[in-house]
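Peer 1: Okay, here's what each chain looks like letter by letter:
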Amino acid sequence: MTDSLAIKTESLGRIYKIRGGKKTKETPKELIALADVNLKVECGELFGLLGPNGAGKTTLIKILVTLLAPTSGLAQVGGHDVIKSPHLIRPLINMVSGGESSGYGLLTVRENLWLFAQFYGLDNKTSQERITELLGVVGMLDRANTKSSDLSTGLRQKMNIVRGFVTDPEILFLDEPTLGLDVGAAREVRRFVRRWVAERERPRSGKTVLLTTHYMVEADELCDRVAIIDKGRVLACDTPANLKRRLQREAIFHMQVSPMNNGALSGFGTLPGVRKFTHEAHDGSSTLELILEADDVLSSVVAKLTQHNARILNLQKREPTLEDVFVDLVGRGLSEEGGGE
Amino acid sequence: MAARKSSTEMFVRTVIARAYPRVIGQHRELSWVFFDIFLPLMATCAYVFVYKAIRAPEEYIGFVIMGGAMTAFWLNVLWSMSSQLYWEKETGNLGLYVMAPNSLMAILLGMALGGMIATCMRALVIVVLGSWWFGVTYAIGDFIQLFATFMLTMTALYGLGMLFASLFLMFGREAWHMSNLLQEPVYLASGFYFPIRSFNFWIAASASIIPLTLGLDAMRQLLFASGAKFGFLSVRVEIAVLVVLCVVFIGAAKYSLDYMERLAIREGRITDTRK
Ligand SMILES: Nc1ncnc2c1ncn2[C@@H]1O[C@H](COP(=O)(O)OP(=O)(O)OP(=O)(O)O)[C@@H](O)[C@H]1O
Ligand SMILES: [Mg+2]
Numbered sequence: 001m002t003d004s005l006a007i008k009t010e011s012l013g014r015i016y017k018i019r020g021g022k023k024t025k026e027t028p029k030e031l032i033a034l035a036d037v038n039l040k041v042e043c044g045e046l047f048g049l050l051g052p053n054g055a056g057k058t059t060l061i062k063i064l065v066t067l068l069a070p071t072s073g074l075a076q077v078g079g080h081d082v083i084k085s086p087h088l089i090r091p092l093i094n095m096v097s098g099g100e101s102s103g104y105g106l107l108t109v110r111e112n113l114w115l116f117a118q119f120y121g122l123d124n125k126t127s128q129e130r131i132t133e134l135l136g137v138v139g140m141l142d143r144a145n146t147k148s149s150d151l152s153t154g155l156r157q158k159m160n161i162v163r164g165f166v167t168d169p170e171i172l173f174l175d176e177p178t179l180g181l182d183v184g185a186a187r188e189v190r191r192f193v194r195r196w197v198a199e200r201e202r203p204r205s206g207k208t209v210l211l212t213t214h215y216m217v218e219a220d221e222l223c224d225r226v227a228i229i230d231k232g233r234v235l236a237c238d239t240p241a242n243l244k245r246r247l248q249r250e251a252i253f254h255m256q257v258s259p260m261n262n263g264a265l266s267g268f269g270t271l272p273g274v275r276k277f278t279h280e281a282h283d284g285s286s287t288l289e290l291i292l293e294a295d296d297v298l299s300s301v302v303a304k305l306t307q308h309n310a311r312i313l314n315l316q317k318r319e320p321t322l323e324d325v326f327v328d329l330v331g332r333g334l335s336e337e338g339g340g341e
Numbered sequence: 001m002a003a004r005k006s007s008t009e010m011f012v013r014t015v016i017a018r019a020y021p022r023v024i025g026q027h028r029e030l031s032w033v034f035f036d037i038f039l040p041l042m043a044t045c046a047y048v049f050v051y052k053a054i055r056a057p058e059e060y061i062g063f064v065i066m067g068g069a070m071t072a073f074w075l076n077v078l079w080s081m082s083s084q085l086y087w088e089k090e091t092g093n094l095g096l097y098v099m100a101p102n103s104l105m106a107i108l109l110g111m112a113l114g115g116m117i118a119t120c121m122r123a124l125v126i127v128v129l130g131s132w133w134f135g136v137t138y139a140i141g142d143f144i145q146l147f148a149t150f151m152l153t154m155t156a157l158y159g160l161g162m163l164f165a166s167l168f169l170m171f172g173r174e175a176w177h178m179s180n181l182l183q184e185p186v187y188l189a190s191g192f193y194f195p196i197r198s199f200n201f202w203i204a205a206s207a208s209i210i211p212l213t214l215g216l217d218a219m220r221q222l223l224f225a226s227g228a229k230f231g232f233l234s235v236r237v238e239i240a241v242l243v244v245l246c247v248v249f250i251g252a253a254k255y256s257l258d259y260m261e262r263l264a265i266r267e268g269r270i271t272d273t274r275k
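Chains as they are written, first to last, in the working numbering: chain X, 1 to 341; chain Y, 1 to 275.
Some hints here could point you the wrong way.
[Claimed, not checked] Far from chain Y, some chain X residues (derived; all Cβ distances over 10 Å):
#1 Leu-74
#2 Gly-121
#3 Glu-176
#4 Ile-291
[What the hints assert, rightly or not] Calculated lysine-lysine pairs in the DSS-like style (CA-CA distance at most 30 Å, straight line):
#5 Lys-29/X x Lys-17/X
#6 Lys-8/X x Lys-244/X
#7 Lys-84/X x Lys-8/X
#8 Lys-17/X x Lys-52/Y
#9 Lys-231/X x Lys-304/X
#10 Lys-84/X x Lys-229/Y
I should point out that these hints are in silico values taken from the structure, not numbers from a laboratory.
Glycine included, each C-beta is placed from N, C-alpha and C at the ideal position.
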């Protein structure tokens, strides 16, 4: 590698041409999936891309793994340009996507994994050893001889994850790797990814992982640095701690109040001193999340609640989370509707 | 950085690995017995009975059985080579193949090799059963020429399959219709059920672009005592043409595959699964 950067993009952009209906002659519509993306990922870094549906995360990964050409700008992986020298990038990388259905259903788990290892030139002994080791890590050794068509969604995803690690890539791309996994399995996978990067770091061989997710914890716990991306643009890029520190001066409150209708709730966002406001209705209560410029803004919030005859059931001041940073930057929560496109 | 494998070793490993599911699949999925042996065998029998009814020369029965066996290869090339990349795209394998440090050529060669091995079994069953039922006698003069003809025919045929596959990289479901469209006319044009000598010279010459045409013609000449009498061109000429077809098809497939891969990456077609 020419320098210590595993991944570098400069003013990277991708526009999709949306083909209209079959017979329409109108010029195809254009969709800007990525615009002016500038990222630098160091070797040995575990880097996260966090963004809502349609943010452009998968598009960016596809460009970096040489499966999609950018329409503008530059992208380098391992010091090589994705357009000019994909053949130099491909031996260095691998990719796992959430919910992929790769492989052949009539082959067993072990056979499928062997097959993909062969494409990277791994000899039989090494590949079988690594497959056994990795299946052990994801707790699937007893399923090694199951036909992959007979696996459940979660087990399939574990097989996919093993496929990515078997070739021991320098740079691994994980696109929502824990999709479809239960809480315990997702935690196992995160722990494994963390360990894999840490172990490889010691002799400074510099294993790098770029991971996309829309699980806040995943980004927060796992990643050295996180880029928050929405509508094809990178809004912020820093360590989770630094990102959260941006909100340190603000006061963040979590409030549970007696049920209120949406009309009454919508007024809170425009109160002076309220930076961000989100709410969620439950049976018998409403949950409000407030990012305030200072503590004393709370009194006007309480006054407004009283005005609407709402009772406060619970009030907590809390430390900023990555979710708050996200809401602050994107203007809406990850779980809320109305994102994407 | 770990020592990188030589590209030749990687190429060979890829070919073998991709051939593997084809060969092993045969043992795990038995529906092929019906589709790939029973159906061609029935079609072959039908022609045999027609020839018997119209009192065609006795040799024609042997010709038909050879033709029937070779249809198995044609079906394999159409349905498991040409439109295969479309299915690989649907399952997400195509992206992984392109991303792997190898040319797609290795993947296609693996598909071809696996398909060829699996289909040989089927073709053999048709020849053995057909010859036994209808009492066909063979008179093999030159075994080496026969083997060379068969191998060249296979190479050229699967080379054509690879060329198709590369073209179909850009198509979606249309690939399916194309295969359907090509299936029957080729039965006729390449003389699966009768010697192409029955055509006029120019039609037979045009049909020769399909490797099976000359391959079958040459194999019939080499297999049956009176075969030469029904031959289109001399065996030597036919072998020479087959060599040319091999080079042209495989060369074109490689060129087209490289081009199509770059085009598909630019247009975002490697991973999209548009309807
Ligand atoms: N092949 C395509 N043709 C046209 N538009 C596309 C194509 N692929 C993606 N898009 C559009 O580009 C935008 C970004 O999509 P992308 O898949 O990169 O989002 P994402 O961040 O991965 O979202 P998700 O969290 O849902 O996976 C979306 O608006 C999407 O509809
Ligand atoms: Mg995505």
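Peer 1: Check each numbered hint against the structure and report the violated ones by number, ascending.
Peer 2: Going through the list in order, the structure violates hints 2, 8, 9, 10 and respects the others.
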